[in-house]
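Line by line, the protein sequences are chains Z and A.
The working numbering numbers the first residue of the first sequence as 251 and each following residue consecutively.
The working numbering numbers the first residue of the second sequence as 251 and each following residue consecutively.
By construction, these hints were calculated from the structure, which means they are not laboratory data.
What you are looking at is a predicted structure, and each value in this text was computed from that prediction instead of being measured.
Incorrect hints may appear among the rest.
If several chains are the same, the list does not tell them apart, and a pair holds so long as it fits within one copy or across any two.
[What the hints assert, rightly or not] Cross-link-like lysine to any residue pairs, in silico, SDA-like; alpha carbons within 25 Å at most:
| hint | residue 1 | residue 2 |
| --- | --- | --- |
| 1 | K288 | F526 |
| 2 | K484 | D311 |
| 3 | K500 | T468 |
| 4 | K288 | D529 |
| 5 | K288 | N528 |
| 6 | K536 | S321 |
| 7 | K268 | T309 |
| 8 | K487 | V256 |
| 9 | K378 | D472 |
| 10 | K484 | T254 |
| 11 | K484 | A347 |
| 12 | K442 | T362 |
| 13 | K484 | L265 |
| 14 | K442 | T309 |
| 15 | K296 | G539 |
| 16 | K487 | S257 |
| 17 | K484 | T270 |
| 18 | K432 | F485 |
| 19 | K288 | S321 |
| 20 | K288 | I510 |
| 21 | K288 | R322 |
| 22 | K288 | D532 |
| 23 | K484 | G263 |
| 24 | K288 | G482 |
| 25 | K288 | Y512 |
| 26 | K484 | E292 |
| 27 | K452 | T431 |
| 28 | K484 | S257 |
| 29 | K296 | G515 |
Here is what each chain is made of, one letter per residue.
There are 2 protein chains.
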Amino acid sequence: MTLTLVSQSKHFGGLLTKYTHVSAVNQCTMTFNVFLPKTAAEHQTKVPVLYCLGGLTSTEDNFAQKAGAASRAAQYGLALVFPDTSPRGVDFAEAGAREDIGYSAGFYLNATQAPWNKNWKMYDYISKELPQVLSANLPIDISRSSITGHSMGGHGALTIFLKNQTAYKSVSAFAPILHMTKANWGRFALPKYLGDDESTWKEYDSIELFKLHHAQKTLRTDINVLIDQGTGDKFLKDNLHTEDLIEFVKKEGLENQFTIRYQDGYDHGYFFISTFANDHVDHHAKALGLTLSH
Amino acid sequence: MTLTLVSQSKHFGGLLTKYTHVSAVNQCTMTFNVFLPKTAAEHQTKVPVLYCLGGLTSTEDNFAQKAGAASRAAQYGLALVFPDTSPRGVDFAEAGAREDIGYSAGFYLNATQAPWNKNWKMYDYISKELPQVLSANLPIDISRSSITGHSMGGHGALTIFLKNQTAYKSVSAFAPILHMTKANWGRFALPKYLGDDESTWKEYDSIELFKLHHAQKTLRTDINVLIDQGTGDKFLKDNLHTEDLIEFVKKEGLENQFTIRYQDGYDHGYFFISTFANDHVDHHAKALGLTLSH
Numbered sequence: 251m252t253l254t255l256v257s258q259s260k261h262f263g264g265l266l267t268k269y270t271h272v273s274a275v276n277q278c279t280m281t282f283n284v285f286l287p288k289t290a291a292e293h294q295t296k297v298p299v300l301y302c303l304g305g306l307t308s309t310e311d312n313f314a315q316k317a318g319a320a321s322r323a324a325q326y327g328l329a330l331v332f333p334d335t336s337p338r339g340v341d342f343a344e345a346g347a348r349e350d351i352g353y354s355a356g357f358y359l360n361a362t363q364a365p366w367n368k369n370w371k372m373y374d375y376i377s378k379e380l381p382q383v384l385s386a387n388l389p390i391d392i393s394r395s396s397i398t399g400h401s402m403g404g405h406g407a408l409t410i411f412l413k414n415q416t417a418y419k420s421v422s423a424f425a426p427i428l429h430m431t432k433a434n435w436g437r438f439a440l441p442k443y444l445g446d447d448e449s450t451w452k453e454y455d456s457i458e459l460f461k462l463h464h465a466q467k468t469l470r471t472d473i474n475v476l477i478d479q480g481t482g483d484k485f486l487k488d489n490l491h492t493e494d495l496i497e498f499v500k501k502e503g504l505e506n507q508f509t510i511r512y513q514d515g516y517d518h519g520y521f522f523i524s525t526f527a528n529d530h531v532d533h534h535a536k537a538l539g540l541t542l543s544h
Numbered sequence: 251m252t253l254t255l256v257s258q259s260k261h262f263g264g265l266l267t268k269y270t271h272v273s274a275v276n277q278c279t280m281t282f283n284v285f286l287p288k289t290a291a292e293h294q295t296k297v298p299v300l301y302c303l304g305g306l307t308s309t310e311d312n313f314a315q316k317a318g319a320a321s322r323a324a325q326y327g328l329a330l331v332f333p334d335t336s337p338r339g340v341d342f343a344e345a346g347a348r349e350d351i352g353y354s355a356g357f358y359l360n361a362t363q364a365p366w367n368k369n370w371k372m373y374d375y376i377s378k379e380l381p382q383v384l385s386a387n388l389p390i391d392i393s394r395s396s397i398t399g400h401s402m403g404g405h406g407a408l409t410i411f412l413k414n415q416t417a418y419k420s421v422s423a424f425a426p427i428l429h430m431t432k433a434n435w436g437r438f439a440l441p442k443y444l445g446d447d448e449s450t451w452k453e454y455d456s457i458e459l460f461k462l463h464h465a466q467k468t469l470r471t472d473i474n475v476l477i478d479q480g481t482g483d484k485f486l487k488d489n490l491h492t493e494d495l496i497e498f499v500k501k502e503g504l505e506n507q508f509t510i511r512y513q514d515g516y517d518h519g520y521f522f523i524s525t526f527a528n529d530h531v532d533h534h535a536k537a538l539g540l541t542l543s544h
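This is chain Z alone, in the form it adopts within the complex (with noise of 0.2 Å):
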């Protein structure tokens, strides 16, 4: 469980740390980048933390880089956590052969087939193994932990705290993939990662989740899910569904349990993200009881 400093930078008076580590469950070297605010970096200070999950195609560089979450972060003294996004430098080809299977497309699941049974686990890696690490590790608390992602990204910070819905204080989402057994990109994954019987998929469907733990009595109901969800996203109609999730909160009569938020005309890309990042740390934040204070 030790780390390997790859690179550090300062960063709105805290460190960017990009550490590379051998993981259990993915049989791999795994890289993320961590931001740690001043409290942390400077004191060792134990901070909260927001694990923020990438999509398709991303690295743990993207939502780093380009998301402009760190700013607000460090006026809450909060931690930010970039997964990668799959395990990394297996020895067979089909890993890097496509966008939507493989590398950069683990899909937060755990796959039960050959020959992604070895290394994709990243429903274990980002909800076990991580935060073991970070906890043994860093000055982070990770009895106070929340959650977000982008597309496949908010996929998985979906489906983790429905499946762990006391580890986190609270999950947000930016374009998330709603309905994975339905979206184009989980009709092709899923069967591949998991076998053709469609019930093994429905773990990793947040829609399906969502009825699941509502139907049995274990959906929270003292957190509030934060989606944002651009207009003009070209994914929306076949792999993302938000229509979906909006017409169960409706069923349902779960409107305030939801902030589902249509944002006029943006896209699927980090331009989208970073306008409404501060939203997002500001609704982790006040879940975690942290002020505007630094």
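Chain A: place on chain Z using the hints.
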């Protein structure tokens, strides 16, 4: 002077657009990004502009995607222009052979030596042609212009300002190459672009231009030059030479005309730039008579 739209994203209520156009001075197709705040994007109201010049290895994208300047610019109603850093697509191999000359290494000068002298006219492009292109095609009031840049682009901002002092309301730079005739980068590129006569190099050297205009009493005394420089910048010693400008300022008693800030521990990258981007936007907005009202 017509523009071809390449891509467009809504960003902080305005629009971030990538355009190409045929450049007469560079004799090739040039690309730039422009951020128009809401009032200009939606209502075609003419707004002031801040030119943001990139450094070595950059294109028009780096500053636009990573500096985080649009948030504050949107609040002021200020346009940002992110030009590419060199001509592209020329027919000689030297242009793409190295990172310190040719592509992404225009150094904001007019080359006089073959093979560069046909296309490498970045000084004329930034100071003359691009403003005309913007004025003819976009709701930008080029009579209210300011200029900033990073590293090579900081050198560009300062030298272009110094040679055109009435064309800009203000100037600033992040980690600029201040003493090109002394910098390793300058001593490599200048003979190739300008020939071996070192006297011709001085017109693209900020320190030399500051000295010249101060001696001639042609240095504007009504503006304050803002420079941020990280103390952890690995290029400081051999390429940036901030200390030479500080020495000149002290010797000539010009402290009221310069704000030169050493930023403790910051390096040369965009995690440094983004930390201080708002300060620079504020600096230019003040000179342009803008207030935080949007």
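Each hint tested on the structure:
1. K288 with F526: both (23 Å within a copy, 16 Å between copies)
2. K484 with D311: both (23 Å within a copy, 21 Å between copies)
3. K500 with T468: within (18 Å within a copy, 69 Å between copies)
4. K288 with D529: both (21 Å within a copy, 19 Å between copies)
5. K288 with N528: Classified as both; 19 Å inside a copy, 19 Å across copies.
6. K536 with S321: both (16 Å within a copy, 22 Å between copies)
7. K268 with T309: Close inside one copy (12 Å) and across copies (24 Å); limit 25 Å.
8. K487 with V256: Cα proximity of K487 and V256: across copies only (23 Å, versus 39 Å in one copy).
9. K378 with D472: Answer is within; shortest intra-copy Cα gap is 23 Å, inter-copy 59 Å.
10. K484 with T254: Close across copies (21 Å), not inside one copy (39 Å); limit 25 Å.
11. K484 with A347: Classified as within; 23 Å inside a copy, 37 Å across copies.
12. K442 with T362: Close inside one copy (9 Å), not across copies (59 Å); limit 25 Å.
13. K484 with L265: between (35 Å within a copy, 17 Å between copies)
14. K442 with T309: within (22 Å within a copy, 38 Å between copies)
15. K296 with G539: within (14 Å within a copy, 43 Å between copies)
16. K487 with S257: between (39 Å within a copy, 20 Å between copies)
17. K484 with T270: Between copies only: 23 Å across chains, 34 Å inside a chain, cut-off 25 Å.
18. K432 with F485: within (13 Å within a copy, 51 Å between copies)
19. K288 with S321: both (12 Å within a copy, 23 Å between copies)
20. K288 with I510: between (33 Å within a copy, 23 Å between copies)
21. K288 with R322: both (12 Å within a copy, 23 Å between copies)
22. K288 with D532: both (18 Å within a copy, 24 Å between copies)
23. K484 with G263: Close across copies (19 Å), not inside one copy (37 Å); limit 25 Å.
24. K288 with G482: between (37 Å within a copy, 17 Å between copies)
25. K288 with Y512: between (34 Å within a copy, 18 Å between copies)
26. K484 with E292: between (43 Å within a copy, 22 Å between copies)
27. K452 with T431: within (7 Å within a copy, 64 Å between copies)
28. K484 with S257: This pair counts as between: shortest inter-copy Cα distance 13 Å, intra-copy 35 Å.
29. K296 with G515: between (40 Å within a copy, 22 Å between copies)
Figure legend: structure checked against the earlier numbered hints; every hint is met.
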